[in-house]
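Place chain B on chain A using the hints.
This is what each chain is made of:
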Amino acid sequence: MSDRVLSYDLVIVGAGPAGLAAACAAAESSATIAVVDETPWLGGQIWRGLKTQTSNPQARKWIERLRHTSATILDRSTVISSPQPGVLLAERDQAPLQIHFKKLILATGARELFLPFPGWTLPGVFGPGGLQSLAKNGWPVNDKRVVIAGSGPLLLAVAVGLKRLGATVVGIAEQASQASITKFGLFLARHPSKLWQGIQLKLRLTGIPYRYGAWPVRAEGDLQVNRVTLTNGQNTWTEECDYLACGFGLIPNVELPLALGCELKDGFVRVDSNQATSVPNVYCAGEPTGIGGADCALVEGQIAGYAATNNAKAEALFPRRASWHRFRAALATAFALRPELKSLATHDTLLCRCEDVTLGRVRQFNSWRDAKLQTRCGMGACQGRICGAASKFILGWGMESVRPPVLPALVGSLVSQPIQRPEPVCDRDFEGVVDPSSAPSLFGGLNAGLAGVRPSR
Amino acid sequence: MPITSDSVRIRVNNSPLKVPAGTIVAAALAYAGVTQFRRSVLGQPRGPLCGMGICMECRVTINGQTNCRSCEIICAENMEIVADV
Numbered sequence: 007m008s009d010r011v012l013s014y015d016l017v018i019v020g021a022g023p024a025g026l027a028a029a030c031a032a033a034e035s036s037a038t039i040a041v042v043d044e045t046p047w048l049g050g051q052i053w054r055g056l057k058t059q060t061s062n063p064q065a066r067k068w069i070e071r072l073r074h075t076s077a078t079i080l081d082r083s084t085v086i087s088s089p090q091p092g093v094l095l096a097e098r099d100q101a102p103l104q105i106h107f108k109k110l111i112l113a114t115g116a117r118e119l120f121l122p123f124p125g126w127t128l129p130g131v132f133g134p135g136g137l138q139s140l141a142k143n144g145w146p147v148n149d150k151r152v153v154i155a156g157s158g159p160l161l162l163a164v165a166v167g168l169k170r171l172g173a174t175v176v177g178i179a180e181q182a183s184q185a186s187i188t189k190f191g192l193f194l195a196r197h198p199s200k201l202w203q204g205i206q207l208k209l210r211l212t213g214i215p216y217r218y219g220a221w222p223v224r225a226e227g228d229l230q231v232n233r234v235t236l237t238n239g240q241n242t243w244t245e246e247c248d249y250l251a252c253g254f255g256l257i258p259n260v261e262l263p264l265a266l267g268c269e270l271k272d273g274f275v276r277v278d279s280n281q282a283t284s285v286p287n288v289y290c291a292g293e294p295t296g297i298g299g300a301d302c303a304l305v306e307g308q309i310a311g312y313a314a315t316n317n318a319k320a321e322a323l324f325p326r327r328a329s330w331h332r333f334r335a336a337l338a339t340a341f342a343l344r345p346e347l348k349s350l351a352t353h354d355t356l357l358c359r360c361e362d363v364t365l366g367r368v369r370q371f372n373s374w375r376d377a378k379l380q381t382r383c384g385m386g387a388c389q390g391r392i393c394g395a396a397s398k399f400i401l402g403w404g405m406e407s408v409r410p411p412v413l414p415a416l417v418g419s420l421v422s423q424p425i426q427r428p429e430p431v432c433d434r435d436f437e438g439v440v441d442p443s444s445a446p447s448l449f450g451g452l453n454a455g456l457a458g459v460r461p462s463r
Numbered sequence: 139m140p141i142t143s144d145s146v147r148i149r150v151n152n153s154p155l156k157v158p159a160g161t162i163v164a165a166a167l168a169y170a171g172v173t174q175f176r177r178s179v180l181g182q183p184r185g186p187l188c189g190m191g192i193c194m195e196c197r198v199t200i201n202g203q204t205n206c207r208s209c210e211i212i213c214a215e216n217m218e219i220v221a222d223v
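Protein chains in written order, with the working numbering: chain A, 7 to 463; chain B, 139 to 223.
Please keep in mind that the hints were generated in silico from the structure rather than gathered at the bench.
The C-beta atom is built at its ideal place from N, Cα and C for all residues, glycine as well.
Here are some, though not all, of the chain A residues that point toward chain B, as calculated from beta-carbon distances under 10 Å:
no., residue
1, 44
2, 47
3, 51
4, 127
5, 133
6, 140
7, 145
8, 229
9, 361
10, 363
11, 386
12, 391
13, 414
Bound-form chain A, shown alone:
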C-alpha cells in the first residue's frame, strides 16, 4: 500500500481530551487505531503547552497513556473531506493522504465565538484562548498590557496564564451578570470540581480587577490596538492596552461532522448514549456534542472509544457523563450572552473579515445563502467559521454547512488522487465495513477546490 493510502479499524479525528481518551479506551481492544490532528502536538488547543510541551498533569497522563498504545499518531494532518463513506481525505506535508476507516470518532473540539465591534479587526485584538495559545508558543506578552473581555471561565484561566508569562492584565470584563455568576458558583460548590472558586480566589490574590456585566464596545489604534472602550450598560470607560483578548465563549467545530452527514440538534452533533451519531459507524465526543470542558470530553471520549470497539466498559461511565452534562447545562445558563451584544457592531463594522463585508450589507438579506451569493460574506479562507457564527447570534441566521474541502486545501490534493482500495487488513472482530469503490474523482466539481484559495491581496 502506498504510504499515502492508510487503513485502520478506527480513526479518531482530533487529539484533544476527547480524542486522546477515545484512543486510549479503544486501544484496550485489538483494533488498529490512528489519531489524526492538525497540529504538531498532542492535547488539542486546551492542553497546548509551553513551547508545545504541556505542563498540565492531567494532559501529560493521557498523552503518556496514548504513547504506550500501538495507536498511530498522524499529526500535522488536516482532514479536508470525506469523499465517500469510510474514507477521509487529509493533507500532510502539502500532499494528499487517504485514510480509510471502519469506524470513526470525531473529536474536533471547539473554537471561540467572536462578535464584531468597531475595531475588532485591528492587529492586537485576539481571542482570549487565541492569545493564550500564541503566548504558550513564544508570542511575546511580557510587560504587555492586556484587557481581557467577553464571556466564560476561559477568561479567568487566560488571565492567570498570561500573568504568569509576565503580562499585566489591566482587567477582565465578563458580560454575564454578577447574579448569574454567583448562582453558577453555588452550583459548583456542590459539584466535584470547584474550579471557578479556585480561579477567582487566585485572581483576587494576584490583584486582577474582574468586572461582571461589562463588555467592550470599541477598540482603537492606527496599525494596531492601543485603546479599548468598555461599558456596563450605564457607564463607559477606556483602558489603554497593547492587546485586547476578547471572545464570547466557545462554539463547536461541527464542519467535519456536517460534511460526513451527521445530524445536529440545537447546533451540536446529535449522539446516542454510546456517542454514536446519526451516520453509521461514526461517533462524536467532546465539545461538538455540547460545550462541557475537558473533563466532560474525557468521559465522552472514553465512552466513544469503548463503544466503537464493542467494549461493555462504556456503560459504566454513563453516570459520570450525566454529572458532567449537568455541569455543561449550568455553564450554558450562567454565561448566556446578553442581547445588548447583538448591537455592538454598527452598519459599517466588518462582519466577514476574509472578504471585508460589513454587517450593514449582510443585514440587507434574509438568509445566509442570499447574503453569501450577493456579498461573498463567508466565502473566504475561514469559510464562514468566524462571520457565520457571529451572524447566527446577531441576525438569527448564519453558516449552516461547509462544502468540502472543509478547510482550504491545495488544488492538487483535490484532483489528483483516485480513491484507492486499501489492501485487506487481517480480519478482526469488527462490524464496520469498508467498501471504497475506485471512483475517479473526489468531488462533483472543481469549484469546491477553490474555497479558501483566494489570496488575501
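Just chain B, lined up with the frame of chain A:
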C-alpha cells in the same frame, strides 16, 4: 528573546532571526516586530485572531508556499517567512 543552544535560525522578511526551538512562526514574526501579517481584501492590516488555525488571519508565506497558517507551524532551521504581501 533569550537565545539558547536550542535555537533555530530563520529569515523573516529577508532579515535573519534566531528563535528558541518550539517557537511558532506567528510568534517569531511578533518578535521581529511584524504586526501586520497580511493585508485584507480592502487593504486593512491584519494579524492573528484565533491562534488555533481557524480564522486564517495569520496567513503568511513560508518557504515560498503562500497562505500558511503561522499559528500552527513551528519554526524550522533556515525557514524563509514573508509577511504582508
